[in-house]
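Enquirer: Since the structure of chain A is provided, determine the placement of chain B with the ligands on it from the hints.
Respectively, the protein sequence lines represent chains A and B. All letters in the first sequence, in the order written, are residues 1 to 392 by my numbering. All letters in the second sequence, in the order written, are residues 1 to 267 by my numbering.
Keep in mind that a hint or two might mislead.
Ranges of calculated distance between the beta carbons of each label pair, as one might list FRET restraints [what the hints assert, rightly or not]:
no., chain 1, residue 1, chain 2, residue 2, range
1, A, E350, B, Y164, 52 to 62 Å
2, B, K96, A, R5, 31 to 41 Å
3, B, Y11, A, A163, 29 to 39 Å
4, A, A163, B, K102, 28 to 38 Å
5, A, D193, B, L252, 51 to 61 Å
6, A, L70, B, R131, 56 to 66 Å
Quick list of in silico lysine to any residue cross-link-like pairs, SDA-like style, CA-CA up to 20 Å [as the list claims (entries may be wrong)]:
no., chain 1, residue 1, chain 2, residue 2
7, B, K176, A, H89
8, A, K74, B, K96
9, B, K185, A, F81
10, A, K129, B, K183
11, A, K74, B, P187
12, B, K176, A, F81
13, B, K183, A, R107
14, B, K183, A, G58
15, A, K129, B, L166
16, A, K104, B, P177
17, B, K185, A, A132
18, B, K185, A, F52
19, A, K74, B, P177
20, B, K96, A, E124
21, A, K129, B, P187
22, A, K324, A, G277
23, A, K104, B, K183
24, B, K176, A, E53
25, B, K176, A, P76
26, B, K183, A, E53
27, B, K176, A, D69
28, A, K104, B, A178
29, B, K96, A, E53
30, B, K96, A, F13
31, A, K74, B, K183
32, B, K176, A, F264
33, B, K185, A, P131
34, B, K185, A, I102
Hint data in this document are derived by calculation from the structure and do not stem from the laboratory. All figures in this text were calculated on a predicted structure; none of them were measured in a lab. Beta carbons: idealized from backbone N, C-alpha and C, even for Gly.
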Amino acid sequence: MTEIRIENLSKDFDGFLAVDDVNIAIPFGELYSFLGPSGCGKTTLLRMIAGFEIPRSGRIVLGEQDITDLPPYKRPVNTIFQNYSLFPHMTVFDNVAFGLHIRKTPREDIRAQVHKMLALVKMEDQASKYPAQLSGGQKQRIAIARALINEPKVLLLDEPLAALDLKLRQHMLIELMNIHDAVGITFIYVTHDQSEAMSISDRVAVMENGRIVQSGPPDDIYERPASIFSAYFIGETNLFSAEVVGLEDEYVQLKCDSGDGQSFEIDSTFHFTPVLGQKLTVSLRPEKIAITRGKPGNQDDFNVLRGTIEDILYLGTHTQYIVKVGKLRVRVFSQHKRVYFDEKALDWEEPVWLFWHDTDTWLINEIHEPDQGNINPESVGSIQRGKRAGAN
Amino acid sequence: MLRMSQLKRTYQGLNLTLFTLVMVFLYIPIVILVIYSFNDAKIVTSWKGFTLNYYLRLWENDAIKEALRNTLLIAGLSTFISTVFGVLAALGLENKRFSGRKGLLALIYTPLVIPDILMGVSLALLFNFTRVNTGMLTVLIAHITFCVSYTIIVVQSRLEGFDYSLVEAAMDLGAKPAAIFMKIKFPLMLPGIVAAALLAFTLSIDDFIITFFTSGRGFDTLPIYVEGTIRRGAITTINSLSTLMIAFTLFLVVVTKRVRKTLISSL
Ligand SMILES: Nc1ncnc2c1ncn2[C@@H]1O[C@H](COP(=O)(O)OP(=O)(O)OP(=O)(O)O)[C@@H](O)[C@H]1O
Ligand SMILES: [Mg+2]
Chain A
1 MTEIRIENLS
11 KDFDGFLAVD
21 DVNIAIPFGE
31 LYSFLGPSGC
41 GKTTLLRMIA
51 GFEIPRSGRI
61 VLGEQDITDL
71 PPYKRPVNTI
81 FQNYSLFPHM
91 TVFDNVAFGL
101 HIRKTPREDI
111 RAQVHKMLAL
121 VKMEDQASKY
131 PAQLSGGQKQ
141 RIAIARALIN
151 EPKVLLLDEP
161 LAALDLKLRQ
171 HMLIELMNIH
181 DAVGITFIYV
191 THDQSEAMSI
201 SDRVAVMENG
211 RIVQSGPPDD
221 IYERPASIFS
231 AYFIGETNLF
241 SAEVVGLEDE
251 YVQLKCDSGD
261 GQSFEIDSTF
271 HFTPVLGQKL
281 TVSLRPEKIA
291 ITRGKPGNQD
301 DFNVLRGTIE
311 DILYLGTHTQ
321 YIVKVGKLRV
331 RVFSQHKRVY
341 FDEKALDWEE
351 PVWLFWHDTD
361 TWLINEIHEP
371 DQGNINPESV
381 GSIQRGKRAG
391 AN
Chain B
1 MLRMSQLKRT
11 YQGLNLTLFT
21 LVMVFLYIPI
31 VILVIYSFND
41 AKIVTSWKGF
51 TLNYYLRLWE
61 NDAIKEALRN
71 TLLIAGLSTF
81 ISTVFGVLAA
91 LGLENKRFSG
101 RKGLLALIYT
111 PLVIPDILMG
121 VSLALLFNFT
131 RVNTGMLTVL
141 IAHITFCVSY
151 TIIVVQSRLE
161 GFDYSLVEAA
171 MDLGAKPAAI
181 FMKIKFPLML
191 PGIVAAALLA
201 FTLSIDDFII
211 TFFTSGRGFD
221 TLPIYVEGTI
231 RRGAITTINS
241 LSTLMIAFTL
251 FLVVVTKRVR
261 KTLISSL
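Isolated chain B, as found in the complex:
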């Protein structure tokens, strides 16, 4: 008995150490990045003292501001559109008697496993073929294209576990179909919708490859800009830029958690 509990303790200890190591491995680069964004040096090699210089320089850099605006615009629009598509598609796929359901699902799942580079090249070819000028519109279309599979799947998996007896209960209590959707179905889908939107937003905001192939010259998103700057060796502003982006992402996660709760209770 004693041996067993000892064994268990060792096992748990081992587990914990491993877990800690993994977390350290994951977060050390990020921590280093954040620290060095305050480093008063032109190159990253050593610590030369604290400064907010590079944050100020970020602020003064119009190219960065432009890229940021583009990124947020594309992310916002593609999130909104792909989430709406996702919700509509998931609701449509609910009908199990729909004969093309299996085939459609397969088509939806496929983009998840297609390499980004293939997706990017094929979209570039398509735009080239149809003679659409590359720029904001093509990037937006590309982002919606790769986001929509994710949003459909996230919303659909949420609906999969939906308890239809709740719909019957609501109907029994006098609710008509429209009211049932607004008061029962939508609120219960909402966590799935928010998760889908969040996923689409993060996918869009840091996509490089597909954007690279579909943006052409003159329409830079942040990842494209960052790549260009690093190639030129100016890495310090990138540190501060990345730090801000991390902060923003964290903020987003916290806010959505809050918002979801208030949203549900207000419905």
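If we strip away everything but chain A, and leave its shape as in the complex, we get:
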């Protein structure tokens, strides 16, 4: 089956590298996402695939066909633009029919196919409306129908849900997945929203400064981030600077700097072979850590830390504790399951035990710059100071 291959693709704007030597191969039928912060080059990459930007170097190959130098109107690729770009002077029907009209498809065929497409996006009864009379979600659907009617080999979507409100976004996300299943072609999806990318994609490529820093299935990227950037950008995490002080067959012993001249030791499994004395970074997801008032039973495969609760943030689905260990702030997510709780709710300033399984510690072969910080207050939800949280 036709796959899309991007080889050594680069693009610069007046010397500024917006896309930097990107290499990927996307098998036919996949829903593939490019995920990265604003300005990392996602749109530029997508526009090169669509044919709106000319690469500085590299190739884009679709199946056997090199499409690098084809004009947009000759590519078997269609795009959903972020602002939909529906033609304001045409009805919904004419918008959807546009591609067929251009290809001089007979009238009856156009009619039949447009109705099929409108049915796919559940907009059959809106055919005679003008774009200005549609809601954001409806415009979105028409844009999808207008693109898919051309039977492209690849559909490109540039932050298609960014303009919609949260509920509609969740709804359209599922709709998009259904449409993807129904048409079975490759979708290339661009977003800066990690939860969107995680939930919709077969595979995700994480981008930073024009480069792809990691690609793989969503769970792989979340559980096994290859870099500090990946770990930090996708989901939330605790990062510790550490030094390898002991090497066993199955695990390493690490000395972690707690920022106040002190240190603590933890054990971790590893996926690359560290050497004794090597400096590296530990990533520990907040939901992997358990928090209790009482000392946990002595379990060999667990790391145990002592800390003091500095802040408690009630977030509905879970409570986030910020626990001070030395000068480090460790984030812990705790779900509101009664079985997880102590008799009495944990309180501010309380000394607590943190513990997690050795295999949940993840090593990153990079040195952590402390100014990247552990706690990013902006990403925290509603803060309820001075009020007891995590009610039990």
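Expert: Positioned in the frame of chain A, the structure of chain B with the ligands alone reads:
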């Protein structure tokens, strides 16, 4: 709270009164003109009874018919030519990288603020200097000259707000540049083009000063004819003539609105 809403109401009332006064001030002369065009009297001073006499007399007056024909001919031709120029110039000015763009724009804007009389005199001088015989051709050139700035600006302002992502969307859907122009760009420019043409037409049809300086003897447009007749004191046929012109203008406005819609949907 109550005081606030009262204040607001007074304010709105005041606004409405003012607006009404302005409208009355604007339209009373026109209404009077229309009424008096049916007045059975030689002079305008008083109402002497209803008549269609002056409309009939209009019809019998060959000089008026000639002037009307000239006016429409000049207006039609200058509208067409200046609109085509306007569209072409606006499309050319779209290219922001074109180095002479700023200077050219300044040149285009200047005629808007030049007094008509200056324009008329300078054109008269030019025709005199180049020994071109004044007449229909010189009037036409003069009208195109003063219309073209307006048409360029109207079409260009329409293009200014043009959403270029629509062009990309069309290209993405398989349309080549020619098809994009015909199916996307032109239809979206059309309201601007129609507005430009309408403006040029009205500017041309009632221009007096510039025509006066460039027409010479023997080529009268309606405004020139009207001025001449009023000078001779025969004002009654002018009332009926003006009434017809008002009716025609209204008709034009209504028709263009209709036509624009059907035009767009047929593209
Ligand atoms: N036409 C252009 N001219 C100059 N620089 C550009 C142009 N388009 C993009 N850039 C630059 O290239 C970089 C990547 O831009 P791009 O639009 O691809 O980012 P993005 O990842 O899509 O960001 P966002 O999430 O904000 O849409 C940015 O630094 C941007 O300033
Ligand atoms: Mg973008």
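Enquirer: Below or equal to 20 Å on CA atoms is what counts here, so check K104 of chain A against P177 of chain B.
Expert: Holds. K104 of chain A to P177 of chain B sits at ~16 Å (cutoff 20 Å).
Enquirer: Can you confirm whether the C-alpha distance between K74 of chain A and K183 of chain B stays at or below 20 Å?
Expert: holds (18 Å)
Enquirer: Has the given pair, K183 of chain B with G58 of chain A, been kept, meaning a C-alpha gap of at most 20 Å?
Expert: Roughly 34 Å separates the two Cα atoms, so the pair is violated.
Enquirer: Need the status of pair K185 of chain B, F52 of chain A: alpha-carbon distance at most 20 Å?
Expert: Within the cut-off at roughly 18 Å; holds.
Enquirer: Do the alpha carbons of K176 of chain B and H89 of chain A lie within 20 Å of each other, as the hint requires?
Expert: With a Cα-Cα distance of about 19 Å, the restraint between K176 of chain B and H89 of chain A holds, given a limit of 20 Å.
Enquirer: Could you check the hint for me, namely that E350 of chain A and Y164 of chain B are 52 to 62 Å apart, CB to CB?
Expert: Given a distance of about 60 Å, which is inside 52 to 62 Å, the answer is holds.
Enquirer: Mind checking the alpha carbons of K104 of chain A and A178 of chain B for me, to see if they're no more than 20 Å apart?
Expert: Distance ~15 Å between K104 of chain A and A178 of chain B Cα, so the pair holds.
Enquirer: Please verify whether K183 of chain B and R107 of chain A have alpha carbons no more than 20 Å apart.
Expert: Holds - the C-alpha atoms of R107 of chain A and K183 of chain B are around 17 Å apart, at most 20 Å.
Enquirer: Sort out whether P187 of chain B lies within 20 Å of K74 of chain A, counting only the CA atoms.
Expert: violated (24 Å)
Enquirer: Is K129 of chain A within 20 Å of K183 of chain B, Cα to Cα?
Expert: holds (18 Å)
Enquirer: For the pair supplied as a hint, K96 of chain B and E53 of chain A, confirm whether the alpha-carbon distance does not exceed 20 Å.
Expert: Cα-Cα ~19 Å, so holds.
Enquirer: Checking one constraint from the list: CA of K176 of chain B to CA of P76 of chain A, max 20 Å. Satisfied?
Expert: holds (14 Å)
Comparing the model with each earlier hint shows violations of hints 8, 11, 14, 20, 22, 26 and 32; every other hint is respected.
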